[in-house]
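Participant: With chain A's structure known, arrange chain B on it following the hints.
One letter stands for each residue in the lines below.
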Amino acid sequence: MAVIEVRDIHKRYGETIAVDGVDFDVEAGEIFGVLGRNGAGKTTTVEIVEGLRTPDAGMVRVLGLDPVRDRKALRTVLGVQLQEGMLPDKATAGELVRLYRSFYADGADPERLLGQLGLDDKRDTFVDELSGGQLQRLSIALALVGRPRVAVLDELTSGLDPRARRDTWQLIEQVRAAGVTILLVTHFMDEAQRLCDRIAVFDRGRIAALDTPEGLVRRTHGGGGTSLDEAFLAVTDADADAHADTDTDVDADVDVNADVTVLDDVLRDAGGPDGEVRR
Amino acid sequence: MTDTVTSPRGPGLRAWRALIAHEGRMVRRDTAGLVIPLGLPMLLLVMNGSGDSPPVPGLSGMSQQLAYVLPMVIVLTIATVGVINMPSFLATYRRYKILRRLAVTPARPSMVLVAQAVVGIAQAAAGITLVVVVAALLFGLSAPADPMGIALALVLTTTAMFALGMLVAAVSPTPNSALAIGLVSFFVLMALGGGFGPRGNLPDGVAAVGEYLPFGAGLDTLMAAWIGQPLDVAQLGALAGVTVVAAAVSARVFRWT
Chain A
1 MAVIEVRDIH
11 KRYGETIAVD
21 GVDFDVEAGE
31 IFGVLGRNGA
41 GKTTTVEIVE
51 GLRTPDAGMV
61 RVLGLDPVRD
71 RKALRTVLGV
81 QLQEGMLPDK
91 ATAGELVRLY
101 RSFYADGADP
111 ERLLGQLGLD
121 DKRDTFVDEL
131 SGGQLQRLSI
141 ALALVGRPRV
151 AVLDELTSGL
161 DPRARRDTWQ
171 LIEQVRAAGV
181 TILLVTHFMD
191 EAQRLCDRIA
201 VFDRGRIAAL
211 DTPEGLVRRT
221 HGGGGTSLDE
231 AFLAVTDADA
241 DAHADTDTDV
251 DADVDVNADV
261 TVLDDVLRDA
271 GGPDGEVRR
Chain B
1 MTDTVTSPRG
11 PGLRAWRALI
21 AHEGRMVRRD
31 TAGLVIPLGL
41 PMLLLVMNGS
51 GDSPPVPGLS
61 GMSQQLAYVL
71 PMVIVLTIAT
81 VGVINMPSFL
91 ATYRRYKILR
101 RLAVTPARPS
111 MVLVAQAVVG
121 IAQAAAGITL
131 VVVVAALLFG
141 LSAPADPMGI
151 ALALVLTTTA
161 MFALGMLVAA
171 VSPTPNSALA
181 IGLVSFFVLM
191 ALGGGFGPRG
201 NLPDGVAAVG
211 EYLPFGAGLD
221 TLMAAWIGQP
231 LDVAQLGALA
241 GVTVVAAAVS
251 ARVFRWT
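Sequences listed follow chains A and B, in order.
For the first sequence, the UniProt record's numbering begins at 1 and goes up steadily by one.
For the second sequence, the UniProt record's numbering begins at 1 and goes up steadily by one.
Honestly, the hints are just simulated from the structure, not real lab data.
Incorrect hints may have been included.
Stated by the list, open to error - Restraint ranges, calculated between C-beta atoms of paired labels, are given here:
1. Gly237/B - Ala57/A: 31 to 37 Å
2. Trp256/B - Asp106/A: 23 to 29 Å
3. Asp30/B - Lys72/A: 28 to 34 Å
4. His10/A - Ala21/B: 20 to 26 Å
5. Arg163/A - Arg17/B: 45 to 51 Å
6. Gln83/A - Ala125/B: 48 to 54 Å
7. Gln83/A - Val188/B: 46 to 52 Å
8. Ala240/B - Gly132/A: 35 to 41 Å
9. Gln170/A - Leu13/B: 21 to 27 Å
In this text, a Cβ means the ideal position worked out from N, Cα and C, and glycines have one as well.
Bound conformation, chain A alone (with noise of 0.2 Å):
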């Protein structure tokens, strides 16, 4: 069975359509990227997973439950990481992931926590004094703290420099292999690429391509040694100039990455074209 299971989710903000028939399945042990630009819809799919929003039409299950309607029992099995600038200036590290942990009737030790997440000598710093990667991986521990197994993770490495980056996604592959599910919100194409067993790539409201990394390079470029930057570009471009006024951000998406991996290094990486990242 499917852990998550998302089946042609509609969802509108008066005349703007966020998501517009969405479908796909997460298995378990799986890394899937959620990937696309600004306004693609991923946050609102993401949102409706987290069961923040109704979707306006379609059903979402997370480990067979319905998220707006078992909303107890899915905030019991599921770590959800948001974006920045959610914690209080005035809490230190330490405080928060005890507090979140009281949250929860099971979940991890907040002290063995912090130093799995190199938070050690972090524990007594208020979260306005901790660097991006430290508020990072704060924001990582209270995604874990609960022992879900189910994480969502959105925009991960934002804002954070590269040894951090690459610091994050190890620890990510460790979660992962401790047996949690987790879906990864991102827009940097060497993330997804490094982390993700399949991509689902996001276009105006829908799935333009869901696939491994490999098999949308393949399926844009015949296996040409190319990047998934290119493929997520063909993937999406199709009719870009019909709303090329949206896409601002996307060049400095490619931008930020302009030293992104290619592809044949990442599969070096996990260890020949069937990586043994993926199950």
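Facilitator: Showing chain B alone in chain A's frame:
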């Protein structure tokens, strides 16, 4: 980790305790926010309580000034915490999506509202204790003639002010507007209620309104209970009415995100 998803246990007593302790730390560490509710009432008490006016027999041996100023600074303490500080915290939590973050845990964001109110009431209680002790030590404050009346006045004034504070938090889109709306509401209540001098100095119509708003009603009720005068039922009703209406409206319009 369990294999099946069964009978979720909601956040229990442990979560409540942890959240209240957490909000307590947030309030304590907001040093600037401690100055007004604890400092201003004390300042007004010390400046006005030290007048030389003689004890008045009808006021259980207190001076006229003290019989007025002490209830006034008590209401002031409750109002500053409830109407200015608490909404400012809640609006900040909403702005920085702290309430939204909690919505994806087994804790409910509404627990933060309750925890903030609990901590605010504790803070007000500490401030009130402080002014009462100082008034007793320095200015010969007499014991309240009607302790039950005092308790009733304190409870109703507190619920009314904190319900108004929830309303301020509910309607304020940003932390800045919460502070502005809170301050304006506070000054209007205080001015019409007799916080800047007896209501007798106000135009009749204005004074009549102020008599039934929470500041004036709380002040009169506390003063009456302290010196053993009968409490005004209409004022008690007004305090209860403000509580019910403000709580109901804020529950309807409160935005969590």
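Participant: Hint by hint, note whether the structure agrees.
Facilitator: A quick look at each hint next to the structure:
1. Gly237/B - Ala57/A: 31 to 37 Å: violated, 50 Å
2. Trp256/B - Asp106/A: 23 to 29 Å: holds, 26 Å
3. Asp30/B - Lys72/A: 28 to 34 Å: holds, 32 Å
4. His10/A - Ala21/B: 20 to 26 Å: Hint violated: Cβ distance 43 Å, outside 20 to 26 Å.
5. Arg163/A - Arg17/B: 45 to 51 Å: The hint (45 to 51 Å, Cβ to Cβ) is violated, given that Arg163/A and Arg17/B are roughly 39 Å apart.
6. Gln83/A - Ala125/B: 48 to 54 Å: violated, 38 Å
7. Gln83/A - Val188/B: 46 to 52 Å: violated, 38 Å
8. Ala240/B - Gly132/A: 35 to 41 Å: violated, 50 Å
9. Gln170/A - Leu13/B: 21 to 27 Å: violated, 38 Å
Of the numbered hints stated above, those contradicted by the structure are hints 1, 4, 5, 6, 7, 8 and 9, listed in ascending order.
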